[in-house]
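Engineer: Work out the full structure, taking the sequences as your base and the hints as a guide.
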Amino acid sequence: MKIVVAIKQVPMRDSQLRIGADGRWIQESDLSFEINEPDAYALEEALQLKEKHGGEVVALCAGPARAAQTIREALAKGADRAIHIEEENLPALDTLGVASLLARAVQNEAADLILTGLQSDDLGSGQTGVVLAEILGLPHATIIMQVEKLDGAIKVKRELEDGWFQFIEMPLPAVLTIQSGINKLRYATLMGIKKAKSKEIKRLTTAELVAPPAAVATLERIYPPLRAKQTQILDGTPKEAAAKLVEKLKFEVRVI
Amino acid sequence: MSGVLVITEQRGGAWNRMSWETIAAGQQLARDLNRPVFAAVAGHNVGALAAELGRKNLAYVHAVEHELLESYSADGYTAALEALIRAHHPSLVLFPHTYQVRDFAPKVAARFGQTLVSDVVGVRVENGVPVYVRQLFQGKLAGDVRISGDAPHFVSLQAGAYRADTVEAGSAPVETFSPQIAASAIRTRCEAPFRESARAVDLTSAGIIVSVGRGIKEKENIGIVQELAQALGGELAASRPICDSGWLPMERQVGSSGQTVSPKVYIAIGISGAIQHLVGMKGSKTIVAINKDAEAPIFEVADYGIVGDLFEVVPALTEEVKKAKA
Ligand SMILES: Cc1cc2nc3c(=O)[nH]c(=O)nc-3n(C[C@H](O)[C@H](O)[C@H](O)COP(=O)(O)OP(=O)(O)OC[C@H]3O[C@@H](n4cnc5c(N)ncnc54)[C@H](O)[C@@H]3O)c2cc1C
Ligand SMILES: Nc1ncnc2c1ncn2[C@@H]1O[C@H](COP(=O)(O)O)[C@@H](O)[C@H]1O
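For the protein sequence lines, the chains are S and L, in the order given. Residue 194 in numbering that gives the first Met the number 0 sits at position 195 of the first sequence, and the numbers go up by one each step. Residue 126 in numbering that gives the first Met the number 0 sits at position 127 of the second sequence, and the numbers go up by one each step.
If you are wondering where the hints come from, they were derived from the structure by calculation, not from laboratory data. Glycine is no exception: its CB is placed at the ideal position from the N, C-alpha and C atoms. Mixed in with the good hints there might be a few duds.
[Unchecked claim] Across the chosen pairs, the derived CB separations fall in these ranges: (1) F310(L) with Q145(S): 34 to 44 Å; (2) R80(S) with G232(L): 53 to 63 Å; (3) P248(L) with G151(S): 35 to 45 Å.
[Said to hold, decoys possible] If you want the footprint, here are the derived chain S segments under chain L, 3+ residues with CB under 8 Å: (4) 165-176; (5) 221-235.
Structural biologist: Put into structure tokens, the structure is as follows:
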């Protein structure tokens, strides 16, 4: 089974975010980056499927030069090779633009399965995988918590709201968007890290792929969210703050 | 005149409540844009549901009928709604941002060369042009998005962005729309939805909930939060990553894919406050947040907050609770 996994590089969780000078995106210079969380689960799922059924895992990433670091980490975990679409100005594209780039990069790969994360931690559009499937003319399913390979088909468990699930079957090739928690993530081994150095990363430029459609949805301005509620901050040392909270719980909320 | 089309959601004849929020949004936006508002409900035998929509202040109701829409499939819904939109040329199509909408609406938008602007929390109309507000970085920042290109434009709305109780009553004619859908065009085969085993823990009846998030760092540390829960006589709950890691069972998960709770007091410890968590607990009477990041989105819904290191604050709090109860 040949599996392509779309991985996006995003700022590390708990980064202190500052708004950039043009007010349209964050200041990236002083940040560290990592793989988007659900994409790590998508990669793990691909590796486990390969271990069970044989085949190849190809990591696919559109992003600036710094994304090479995240791609190397995917190779160190066990991906066989990678495709890096070098795009310095990712925030200028919308989902249709990004999905078009990804689609052009994989259209000749003849993959059996394409996995994406269900949502990116930075933009949170939650739709690149679905649009990718539409462009490639493939069936898809979203928010997937289990994947089972059948003969020429797959059976997946889709998460619904409020703790409900549903099984769905579809023919291969197909696109799935993977939910965090579907499996247990592995760490890269020293051996894996060493091997990754000699694995192939195919670099493609946007120009080679035919320019993506101009963005129709544009992010004009970013800013700190407006607060709906006035939080009463209880200050002081941890002990003082704790004592103040207990007062509130006792005399105002009346649960003690 | 081309107007605002609201796509509602139903399953087995029961409404998804977010449908009403989306209708409220559609009515408000249509007024601001000076356009008519329509609503559609898709399925099989949706006459009664369409009639209910017909008692709202809408220009028209579309009952999108087909036996292949009896149960949901991305291919079936995409085909049906693409046909409806091509027949009626709305300028804007609004969806509730449900799991089902996430599954097919991006596909519908792509068929029109458009990008769905998803999970919108608010809309401003500036000089007759809507500006859509979205959350970025899991709620840590907000952003204004404008859509260009030919109509229709596609937008989905976050749960709670508009209030269902502001839907205006009225009267609207119902038209049946029968799209052509070939059975062979539906490539997925869906089984009936099910719930994993019965829930051993019912958080919905708890009066006090102490909930732990990824700020706890390691499984071994959960003990300090458990002690606080015990001291308060409350239930222990968690954000999704804690359950994903297997540190607590999934039945203790609060949020869109877990339980929805509304205790007297909800204490969120080391939880950032992503929307998927907030929808599960923002109905709590009192919300307390303990977080080292003063900018964490959880403080947007908190009544009381302690900005600090949970490893210092939580043991101190347990101590104070025990003292107060002694
Ligand atoms: C379709 C879908 C469904 C989802 N369903 C759910 C759901 O049902 N429930 C749910 O919870 N999530 C759900 N999520 C995930 C959600 O988007 C967030 O990723 C998740 O809620 C984050 O959990 P967290 O706040 O514990 O972790 P993080 O976002 O990592 O936050 C950790 C917080 O801890 C704070 N912190 C760190 N160290 C300390 C310290 N020493 N002292 C004090 N504070 C500290 C940090 O400042 C940060 O705010 C869903 C996501 C999707 C896409
Ligand atoms: N630039 C990118 N490169 C590779 N994969 C991406 C990129 N952007 C989005 N994706 C994939 O699409 C998923 C959903 O992203 P989004 O639609 O932005 O929420 C992510 O989890 C990734 O798997």
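Engineer: With reference to the structure, classify each hint as holding or not holding.
Structural biologist: Verification of the supplied hints:
no., hint, verdict
1, F310(L) with Q145(S): 34 to 44 Å, "35 Å, holds"
2, R80(S) with G232(L): 53 to 63 Å, "56 Å, holds"
3, P248(L) with G151(S): 35 to 45 Å, "36 Å, holds"
4, 165-176, "holds (count 6)"
5, 221-235, "holds (count 13)"
Checked against the numbered hints above, the structure violates none of them.
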